[in-house]
Amino acid sequence: MLRKKIVLISVLSLLALHNFAQDVNLDSLLDAEMDKKNKSETQLTEGTFKTGRLVNSQTVETVQKGVLDFKISHRFSETDNGLYDMLGLDNAISIRIGGDYGLTNRLTIGGGRSSYEKEYDAFLKYRLLWQSSGKTSMPVSLTLLSSAMLQTLKPVSDSVKINTGERVSYAFQALLARKFNSNFSMQLMPTMVINNPSIRKDNSVPSKLLSVGVGARLKLSKRSGIIAEYYYQLPGYKLPGSYNALSFGYEIETGGHVFQFNISNSAGITERTAITETNNPFNLDNLHLGFNVSRVFSIKKAKDISQFTNSHATPVYDTAKFAVEKDKSPTQYTQGTFTTSRLINGHTVETTQRGVLDLKVTHRFGKLNSGFYNVFGLDQASMRIGADYGITNRLTIGGGRSAGGLVNPSLKEYDGFIKYKLLRQSTGEKNTPLTVTVLSSVMYNSLRETKEIGIKDPVNGGYYTDSSQTVKINNFDRFHFAYELLLARKFKGFSIQLMPTMVHYNIVPDASVPNDLFTVGAGVRIKLTQMSSLNLEYYYQLPGHKLPGTYNSFAVGYELETGGHVFQFQLTNSYGTTERTFLHETSGSWGNGDIHFGFNIARVFTIVKPKNIQ
Amino acid sequence: MKTLSIIIFVFAAFNVNAQDYITRNGNISIYSHTSMEDVKGNNNEVVSLLNSATGSFDFKVAIKSFHFAKQAMEDHFNDEDYMETDKYPKAGFSGKISDMAEVNFTKDGVYNVTVSGNLTVKDVTKPVSAKGTISIKNNKVSVQSTFTVKRKDYHVIGQSFVQSKLSDDIQITVNCDYDKR
Numbered sequence: 069m070l071r072k073k074i075v076l077i078s079v080l081s082l083l084a085l086h087n088f089a090q091d092v093n094l095d096s097l098l099d100a101e102m103d104k105k106n107k108s109e110t111q112l113t114e115g116t117f118k119t120g121r122l123v124n125s126q127t128v129e130t131v132q133k134g135v136l137d138f139k140i141s142h143r144f145s146e147t148d149n150g151l152y153d154m155l156g157l158d159n160a161i162s163i164r165i166g167g168d169y170g171l172t173n174r175l176t177i178g179g180g181r182s183s184y185e186k187e188y189d190a191f192l193k194y195r196l197l198w199q200s201s202g203k204t205s206m207p208v209s210l211t212l213l214s215s216a217m218l219q220t221l222k223p224v225s226d227s228v229k230i231n232t233g234e235r236v237s238y239a240f241q242a243l244l245a246r247k248f249n250s251n252f253s254m255q256l257m258p259t260m261v262i263n264n265p266s267i268r269k270d271n272s273v274p275s276k277l278l279s280v281g282v283g284a285r286l287k288l289s290k291r292s293g294i295i296a297e298y299y300y301q302l303p304g305y306k307l308p309g310s311y312n313a314l315s316f317g318y319e320i321e322t323g324g325h326v327f328q329f330n331i332s333n334s335a336g337i338t339e340r341t342a343i344t345e346t347n348n349p350f351n352l353d354n355l356h357l358g359f360n361v362s363r364v365f366s367i368k369k370a371k372d373i374s375q376f377t378n379s380h381a382t383p384v385y386d387t388a389k390f391a392v393e394k395d396k397s398p399t400q401y402t403q404g405t406f407t408t409s410r411l412i413n414g415h416t417v418e419t420t421q422r423g424v425l426d427l428k429v430t431h432r433f434g435k436l437n438s439g440f441y442n443v444f445g446l447d448q449a450s451m452r453i454g455a456d457y458g459i460t461n462r463l464t465i466g467g468g469r470s471a472g473g474l475v476n477p478s479l480k481e482y483d484g485f486i487k488y489k490l491l492r493q494s495t496g497e498k499n500t501p502l503t504v505t506v507l508s509s510v511m512y513n514s515l516r517e518t519k520e521i522g523i524k525d526p527v528n529g530g531y532y533t534d535s536s537q538t539v540k541i542n543n544f545d546r547f548h549f550a551y552e553l554l555l556a557r558k559f560k561g562f563s564i565q566l567m568p569t570m571v572h573y574n575i576v577p578d579a580s581v582p583n584d585l586f587t588v589g590a591g592v593r594i595k596l597t598q599m600s601s602l603n604l605e606y607y608y609q610l611p612g613h614k615l616p617g618t619y620n621s622f623a624v625g626y627e628l629e630t631g632g633h634v635f636q637f638q639l640t641n642s643y644g645t646t647e648r649t650f651l652h653e654t655s656g657s658w659g660n661g662d663i664h665f666g667f668n669i670a671r672v673f674t675i676v677k678p679k680n681i682q
Numbered sequence: 013m014k015t016l017s018i019i020i021f022v023f024a025a026f027n028v029n030a031q032d033y034i035t036r037n038g039n040i041s042i043y044s045h046t047s048m049e050d051v052k053g054n055n056n057e058v059v060s061l062l063n064s065a066t067g068s069f070d071f072k073v074a075i076k077s078f079h080f081a082k083q084a085m086e087d088h089f090n091d092e093d094y095m096e097t098d099k100y101p102k103a104g105f106s107g108k109i110s111d112m113a114e115v116n117f118t119k120d121g122v123y124n125v126t127v128s129g130n131l132t133v134k135d136v137t138k139p140v141s142a143k144g145t146i147s148i149k150n151n152k153v154s155v156q157s158t159f160t161v162k163r164k165d166y167h168v169i170g171q172s173f174v175q176s177k178l179s180d181d182i183q184i185t186v187n188c189d190y191d192k193r
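Those protein sequence lines, which keep their order, are chains F and E.
In this text, residue positions in the first sequence follow our numbering: the first is 69, and each later residue adds one.
In this text, residue positions in the second sequence follow our numbering: the first is 13, and each later residue adds one.
One or more hints might be untrue.
Dumping the calculated DSSO-like pairs for lysine-lysine here, alpha-carbon to alpha-carbon at most 27 Å [as the list claims (entries may be wrong)]:
hint, chain 1, residue 1, chain 2, residue 2
1, E, 162, F, 287
2, E, 82, F, 595
3, F, 104, E, 102
4, F, 428, F, 287
5, F, 203, E, 82
6, E, 99, F, 104
7, E, 82, E, 99
8, E, 192, F, 287
9, F, 247, E, 99
10, E, 162, F, 104
11, E, 192, E, 108
12, E, 192, F, 105
13, F, 276, F, 186
14, E, 102, E, 149
With the Cβ distance kept under 10 Å, some of the chain E side facing chain F (calculated, not the full set) [said to hold, decoys possible]:
hint, residue
15, 60
16, 61
17, 76
18, 87
19, 88
20, 102
21, 171
22, 174
The set of hints was computed from the structure by calculation and includes no laboratory data.
Cβ atoms here follow ideal geometry from the backbone N, Cα and C, with glycine treated the same way.
For reference, chain E alone in the conformation it holds in the complex (with noise of 0.2 Å):
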């Protein structure tokens, strides 16, 4: 009986547990647009964690993952007037989901949704919101999202001669395809 109970407990536990949905390999893109010049980094090694019952949402980058089309704007990039990739080697998102309840994740759909946190890049930590949808379909999680953010907020400067070849939004798109944990 002692035994069982303990099983029953434990069991429980882990179905608490499912509810959290999982991915290791997700992408993350930034993309920064003017006249002069375009750049995108596309990042595909993202770990991010959501919880269906809850519905926080979290989410870690290696910043020396992002990868450009051309080694020097990588290496610019990564360097210490950018993101000081040694110094700061990783970036997250902590929030939430705010409209949860709208999702059914058991349902195939496409539901709309807003979700409100917290972004740390080198070490500055924002309050951010973004318009995103959550994708079901045949039990599969698909998150996607777009949303800019300004890079002086998070001390991402830059050489003074490159300033009107970089735009003060960086969109970045969000797009993971999650599994259950």
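Bound conformation, chain F alone (with noise of 0.2 Å):
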């Protein structure tokens, strides 16, 4: 009985120990890992915002050390010209170009130029409490931001004179936010703005303005959601005439982008424009439309990136075996010839994958020979706002709105597109040494008939002179037609392309020149680095295909690409992105120094999910 006993005492100590050696079980040994390593470390809560601005605030969000932010923001004209001007999307009256950078993953520096009222900002920014969990615990975080804003505006006239001091103003905000979960964040801002410009216009105001913000974001989905802002200013302590911004917007992010899409009262996108001087209460008339890009670019590389590149992780692929398969695998069509569907004004034999949507806007700058004054042309931008669809992986159908706003004010075109990859290069079983794309596109000058004095005329070119001129634009005459052969190799390290080009005008702006226009392009993409390229593009009009006082075209870009975007930046002698305005109508000259600025931002968006398993 005792023996008995024994045995199964032993029998069940062996098993109770044997379960344990083998289940011990992991499940609950890495549970106990995790829960001691998170119990003995602080978990700064990430992502209270999806970065350092709400629409025109700033949140709590510093950027993380060594990094850049490169923001560009814009803020359309008012809704109300309908239609005609795209709810203002045609001209862009504020434009904000500038960049957060990251001292330390608390201290951030920042600065910008805003082309309303011609105002260069810099702000100083510190994250003094942050919102945690684990170790030490924090409900909420606490950013600290002081920022100066200096007014360059010419007076109005020459015998007013200001001191730098009276342009300057300042503003200090105390940011507070909490994470609520993952979905919900909320921020409270205390500001104060010391708005030298109205105070020099106005000795009666009061000299400090006080006002309470609050903002919020409501995530959608894991990389969209939206943002609201509101500001009450206090009574007694704001502008005569000025109203409470209350600002509205859609964000998407991924890979190092954020895209925000906004409504607002406000037109500017500083303290002192946005907070303390909007002019119109927020009703459908006086809205301005709006975007904001933001773009990472890590300047100093984080340490600990050494233990990506150990030995655990040393590539074993570009070996034997691979090369052994690609031997066995049929055909291997080649992958990124260029990064995107443009080089730079002009398209690339490339087309977007089936069921995916790529949006482009394209800026061009004023002229860099327009002085400082005006930075260099970047105070007045050419634009096109359009998206590429892809139907099949082979074809691809696009369109867009171009706007010339200072640039060429006589630019309001629509254009649409239908481009086609006959060929694509490969290699193995079937040898194809180019790709050949084909690409049909038609354009519409929706310019109404009304006659400025310096206005160039889009129909028989030169500037209208006198006002009472009418002429009848038809609207067969409004419409262009470009074809485009478009042949391409990707050499290692390199891809480059050929395109001839014939564009028909349904009415030609000079009769020395047939209807039908020919040009043959060259363009060529050098790798720089994994992500990075460096694009030339050169357009050369046929003798006796050249529309008088234009030249050829030719740009040089600069192109970075992460997780579905790709930001290139250029020079180039034209100010427009559709095939008429950039192979035919060019009248800037690189002699001259008529070379506008400008970028383009490509986004890709999975509309049609790609199926599970192959």
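Mind docking these for me? Both chains are given alone in their own frames, and the hints should help you get the complex.
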């Protein structure tokens, strides 16, 4: 009996121990390890907001150490002009270009230039408290912000002298935020603005303007959310005639980019202009559409990056095994001849993947030789907003709207195109040396027939000198067509493209040229690193196919690419980005310094999800 | 006498378990290579158990312990287009070393072995077989192995525009130093 008991006990203990050994169970061991780690460390709450701005306001977020957050913001003119100005989209009344840089993870410096009242701004931001859990628990984040703004608008008359001190404004904010859960964050923003330019104009206004702002973000999905902000100006501490600013936005984020679309009753982007100088109430006629694009660049590599390049992760790929696989595989199609479907102004052989929408925002600023007061053209912008959509992997349709803004007020154009990849460069069983794509596009000039002195005549060329002159433009005459054959080959490290093109004018601006104008273009992309490259593009107008006073289009660009985004910066003598405008109506010359700085942003969105398992 | 036999039995039980080797900070890295982009992730918090008597070999990893050179890469890795870490926080492997007889745990040396078993990622379990080495040095056991898996087998798809930047074959490298339990 007793012996039995002993045997039983020992068997049980053996079993128990054996069980314990085998199943210790790795699950609970892992849980225990993770738990221990969580308790011994403080987890800082990340991503209270997606970026350092809500719509116009700063958020508690600071930039990571060594990271530059490049920001481009636009506020368009008021919506009251209706569809002719595309709800204001044709005129960007306020463009701010700036950057935030992380000195440490908590300390950010930044600055920028806004075209609205020609204002420079600089700020310093410090994250005093950081919401956290784990070892130290902190319920909120608190960031202090101090900024200075310098308005450089020329005085109305030369006799008025303005001291620099009277042009400078200051803003101080305490930003208090809490991320309540992964979807909802809220921020309180007591603010003081010292608005010197307004004090100068009107001595009776208070010198310190006080307001309390509140902002919030509600996530709709992992990558998108809606944002809102409202500033209540304290009675007695506001400028006469100013309204409280209310803004809403929709934001989408991926791989280092944040895209925000917004609508607001304020036209400015800095604290002075957006919080204290909003001139209109929030009603349908007075709203400004706008967008903010933010793109981060790592300037200094993080130190602990070395652990990712240690021996454990040594690539063993480019070895014999892979070479064998390459031989076996029937046909290897060349990927990424170019980064995106545009090189600089013109198309590339690349088509958009099936079910993917590629949103394109393109800007060409004024000429570099327009001087420092206009920041070398940055105060004016000609732009195109459009998109490409992949119907199949080889067939793309697209379209867009171009507006010349102050760079060329007579440019108001819609375009649509269809593009098909006939041949794909490949190696292996099927060997094709080239990729060949054909493109057909149509452009529609939607400029009204009103004549204003100094505006370019879209039909006859030259400039209007007499406002009484009226010429009726037939609808038929507003159309232009372009046909392009794109031949490209990718070599190791670079890609070359040749593009013979024909543009058909239903009515030519000059009698000396035929309706069908031929050009031959050449483009090249040279890869600098895995994610960046240098692009060159030149179009030669064949003799007898050149409108008088025009030049061949030449452009130099630098492009950067990450996770669904392509960012291109360029210098070009063309102000337009459709075939008609840049191929045949480039009025600037590199020799004269008529160079436009510009950028293209391409952002892809998956509309139709790829099938789960192929 | 009775007490003695209990002690002996218990002792014997412990003795069996002396053949278990464990690690709480093993390393597993994943690597995807394409001509457009290389992606490397590194996990230094792998728990694993190796039984030198039976050859049974188990791993468990927390997905969120994989770290990448870029924060954005790490965010993508964990989000719902890829690993869906909130839904599937762990991955694991459970298998056996087939040529255990060749390995002498008491003698220093490097032994080539083959491991076969089941890899579970995102609740999908597929058989995997890999070659690797067991190194014994001064009673320390380390295991090294590199093998590839097809990510689509485990429903790791991602958005369509990243497909050309993400290899279908993901290389997994295991590097663990074990202690006796």
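Query raised in the report: Failing hints, ascending?
Result: When the structure is compared with the hints, numbers 1, 8, 10, 14 turn out to be violated.
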